[in-house]
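Asker: If you want the building blocks of each chain, they are given just below.
Number of protein chains: 2
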Amino acid sequence: MATHHITVPAGFVAAGVAAGIKANGAEDVAIFAAERDVSTAVLTTRNQVVGAPVLWCRQVMPAGRGRARAMVVNSGCSNVCTGRRGLRDAEEMARLTARHLTERGGPAVAPEKILVASTGVIGRPLPMDRVRAGIASVVGRLGRRHDDAALRAIMTTDTREKSAVVQTRVGRKPVTVAGIAKGAGMIAPSLATMISVITTDAAVTPAALHRALRDASAGSFNAVTIDSDTSTSDTMVAMASGEAGGKPLTGRSPGYRKFAEALAEVCGELARAMAADGEGATRLIEVRVRRARTAADAETAAKSVANSPLVKTAVHGRDPNWGRIVMALGKSAATIDPDKLRVRIGDVLVFSRGKGRPFDEAKARAALGADEVVIECDLGLGRGGFTALTCDLSHEYVTINADYHT
Amino acid sequence: MATHHITVPAGFVAAGVAAGIKANGAEDVAIFAAERDVSTAVLTTRNQVVGAPVLWCRQVMPAGRGRARAMVVNSGCSNVCTGRRGLRDAEEMARLTARHLTERGGPAVAPEKILVASTGVIGRPLPMDRVRAGIASVVGRLGRRHDDAALRAIMTTDTREKSAVVQTRVGRKPVTVAGIAKGAGMIAPSLATMISVITTDAAVTPAALHRALRDASAGSFNAVTIDSDTSTSDTMVAMASGEAGGKPLTGRSPGYRKFAEALAEVCGELARAMAADGEGATRLIEVRVRRARTAADAETAAKSVANSPLVKTAVHGRDPNWGRIVMALGKSAATIDPDKLRVRIGDVLVFSRGKGRPFDEAKARAALGADEVVIECDLGLGRGGFTALTCDLSHEYVTINADYHT
Numbered sequence: 308m309a310t311h312h313i314t315v316p317a318g319f320v321a322a323g324v325a326a327g328i329k330a331n332g333a334e335d336v337a338i339f340a341a342e343r344d345v346s347t348a349v350l351t352t353r354n355q356v357v358g359a360p361v362l363w364c365r366q367v368m369p370a371g372r373g374r375a376r377a378m379v380v381n382s383g384c385s386n387v388c389t390g391r392r393g394l395r396d397a398e399e400m401a402r403l404t405a406r407h408l409t410e411r412g413g414p415a416v417a418p419e420k421i422l423v424a425s426t427g428v429i430g431r432p433l434p435m436d437r438v439r440a441g442i443a444s445v446v447g448r449l450g451r452r453h454d455d456a457a458l459r460a461i462m463t464t465d466t467r468e469k470s471a472v473v474q475t476r477v478g479r480k481p482v483t484v485a486g487i488a489k490g491a492g493m494i495a496p497s498l499a500t501m502i503s504v505i506t507t508d509a510a511v512t513p514a515a516l517h518r519a520l521r522d523a524s525a526g527s528f529n530a531v532t533i534d535s536d537t538s539t540s541d542t543m544v545a546m547a548s549g550e551a552g553g554k555p556l557t558g559r560s561p562g563y564r565k566f567a568e569a570l571a572e573v574c575g576e577l578a579r580a581m582a583a584d585g586e587g588a589t590r591l592i593e594v595r596v597r598r599a600r601t602a603a604d605a606e607t608a609a610k611s612v613a614n615s616p617l618v619k620t621a622v623h624g625r626d627p628n629w630g631r632i633v634m635a636l637g638k639s640a641a642t643i644d645p646d647k648l649r650v651r652i653g654d655v656l657v658f659s660r661g662k663g664r665p666f667d668e669a670k671a672r673a674a675l676g677a678d679e680v681v682i683e684c685d686l687g688l689g690r691g692g693f694t695a696l697t698c699d700l701s702h703e704y705v706t707i708n709a710d711y712h713t
Numbered sequence: 308m309a310t311h312h313i314t315v316p317a318g319f320v321a322a323g324v325a326a327g328i329k330a331n332g333a334e335d336v337a338i339f340a341a342e343r344d345v346s347t348a349v350l351t352t353r354n355q356v357v358g359a360p361v362l363w364c365r366q367v368m369p370a371g372r373g374r375a376r377a378m379v380v381n382s383g384c385s386n387v388c389t390g391r392r393g394l395r396d397a398e399e400m401a402r403l404t405a406r407h408l409t410e411r412g413g414p415a416v417a418p419e420k421i422l423v424a425s426t427g428v429i430g431r432p433l434p435m436d437r438v439r440a441g442i443a444s445v446v447g448r449l450g451r452r453h454d455d456a457a458l459r460a461i462m463t464t465d466t467r468e469k470s471a472v473v474q475t476r477v478g479r480k481p482v483t484v485a486g487i488a489k490g491a492g493m494i495a496p497s498l499a500t501m502i503s504v505i506t507t508d509a510a511v512t513p514a515a516l517h518r519a520l521r522d523a524s525a526g527s528f529n530a531v532t533i534d535s536d537t538s539t540s541d542t543m544v545a546m547a548s549g550e551a552g553g554k555p556l557t558g559r560s561p562g563y564r565k566f567a568e569a570l571a572e573v574c575g576e577l578a579r580a581m582a583a584d585g586e587g588a589t590r591l592i593e594v595r596v597r598r599a600r601t602a603a604d605a606e607t608a609a610k611s612v613a614n615s616p617l618v619k620t621a622v623h624g625r626d627p628n629w630g631r632i633v634m635a636l637g638k639s640a641a642t643i644d645p646d647k648l649r650v651r652i653g654d655v656l657v658f659s660r661g662k663g664r665p666f667d668e669a670k671a672r673a674a675l676g677a678d679e680v681v682i683e684c685d686l687g688l689g690r691g692g693f694t695a696l697t698c699d700l701s702h703e704y705v706t707i708n709a710d711y712h713t
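As they're listed, the protein sequences go chains A and B.
Just so it is clear: in the first sequence, position 82 is 389 by the working numbering, and no numbers are missing.
Just so it is clear: in the second sequence, position 322 is 629 by the working numbering, and no numbers are missing.
Each hint should be verified, as a subset may be incorrect.
For chains that are exact copies, the list does not tell them apart, and a pair is met inside one copy or across any two.
To be verified - Using 20 angstroms as the maximum straight-line C-alpha spacing, the simulated SDA-like pairs for lysine to any residue come out as follows:
hint : residue 1 : residue 2
1    : Lys647    : Ala677
2    : Lys554    : Asp646
3    : Lys662    : Glu398
4    : Lys647    : Leu362
5    : Lys647    : Gly687
6    : Lys670    : Ser659
7    : Lys662    : Arg649
8    : Lys662    : Arg392
9    : Lys662    : Arg395
Everything labelled a hint here was simulated from the structure, so no lab data went into it.
Generate coordinates for the entire structure from the input sequences, incorporating the hints supplied.
Answerer: Take a look at the structure:
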């Protein structure tokens, strides 16, 4: 039975097909489309090496916001480090999608209104014959019943499908925000990338949508670190159809905050699902840093703990080894005073006033064995807070990434 | 048969004994001593959380240089996060060592002339009864025949002994520099730390020795990253007996450069041995970054590649997956221009002008299977260079760090 998510907000259609790009025969081409050009925001990777699709998105939407009709995505090949040919291929994906959407009826679609994302192996050219056939076929299937096929078409090493739908009210109008995401390693076995598509029926200006997306990603996707590696293709797109009605929200509208909260909730759910599905992960780790000197310090400290392979292996082994947590805080660029620091594993206080406390080891081990492990670090220095999301480091991570061959 | 290293330079004695601090009955207390107070330099960890022994070293040698008589080291317990009791214990180790050395004869020794280092589990108090007995016993064995026992006494999860001896000439005088080191994870299974002791018979001022040690460590120990985790106890000490004769070298002496080169060579050998013996390592990885915009950029870029778990697992799996190398360069804060970048695995060119090159895969796999794997990244932007040292990431790393319980 199909679950619905990305087309729940009115004004969107989606579909996914298997075009033979992935070797395993799974879906690998998807289109997410609005019925007309709608308010859109896009965020792309901070890696300095970026794929051709990222360059295309930046070319057609230089400020990261504007109006777009659709997004076309393929998995199985990331079109990264593929030279001029890669740029031509990304542009052709946009042109083909625009042409087929125009032929489908409705207002004519310009290629510049089509965003493109690709995920998969780095350094190989796209098999364009298959991509072309895939795009033609997927446009024919666009509708509100193929959410799942569209979601599967953006997945690579993911073991679980990740979607979220949140409903809220903006003024008196019910508004829906829905999202899907893929990503299991910041970069997976020679595959790349996180991709997320968010749809909403809210009426919202491109600038307000961009701001809400940026703010939401800071506390969600940008808080996830599976392996400290940043992919060359990360792309997040939010499209707002306006079907919920009303005047488009700006950043100053009274309803903006409610809308931004719903968007942040969708991003938060997707980010947690992504961390929990990290390569080789057996559980989610939440590193909550509180009372850091500054917000930036909180993020630095939380990510230092979340990226520490020694912390991640200790969680995997259910070892309440607080020395590694304290080490990871201390090595970070954030200000730390061991005498003011308090560390909890779950709700077990393990460290305060510069040294370890006697604690109930069985209880700490149980907290480390939970599906969601919480490590709380109260720095006692100020008001900065940040929660980083990661997963444990298991044998399976090494198997996935070492035993796999390109 | 014992090998000699740390006491090869004239003017030093050493010994190591098993005092019962380590559970496995191996040597765990060592003393390295000069026959009088000699020119000494000490570098300690940059982690903000530091052990009591590090605080003691900083207290007695605030500028990191001066004159010292000896260094006392224990393994099996790092005396980190142990509160006031830890500080008292570190000081007592210095006092006891000073007293026993004084009783042994020769000029009286002040406790402030004794440096202290401890390595092992974080957060447990030192078993001082055993430490006291160990110090008494080890002073009785000091001589030039117990180098190996002294070296074993500083080891934790190391699988190999790491020592180096280099001979050079300063002016017309033959000079010897010798060193030993331990360290397998930047922090090992709830154990800590890198420790290195360097001796030389050169006559050199504390300031010149400090400068030479700092410069040597920048390109050697500070270039090593096993797991990006920085321990709370890292300590390097260099002592110069002056027995080779001559006026003490300053940074401006004509012989300084030759001496500094010999010291750098010793540190370089020890650092390579440390990287090759990284937890779970099956081979050494040298990441050579050339022609970076600046020297700082070169270090940032080299360490980003050396710390990338995806690069380390790819090397482990002998997978010539250059996409991960390019990704790791791109995510770093160093300036990268993919169009100017050239990447080699061994001597196989795999990437240039923004894309992968056709290459001999068998040859690249062979280069990745060598004991010493070289990844060369020519950024084509300037004159900065840096070589980072690391090891592959194997199942054994996860076993050592997850399956081990404190």
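Asker: State the violated hints by number, sorted upward, taking the hints as numbered earlier in the document.
Answerer: 1, 2
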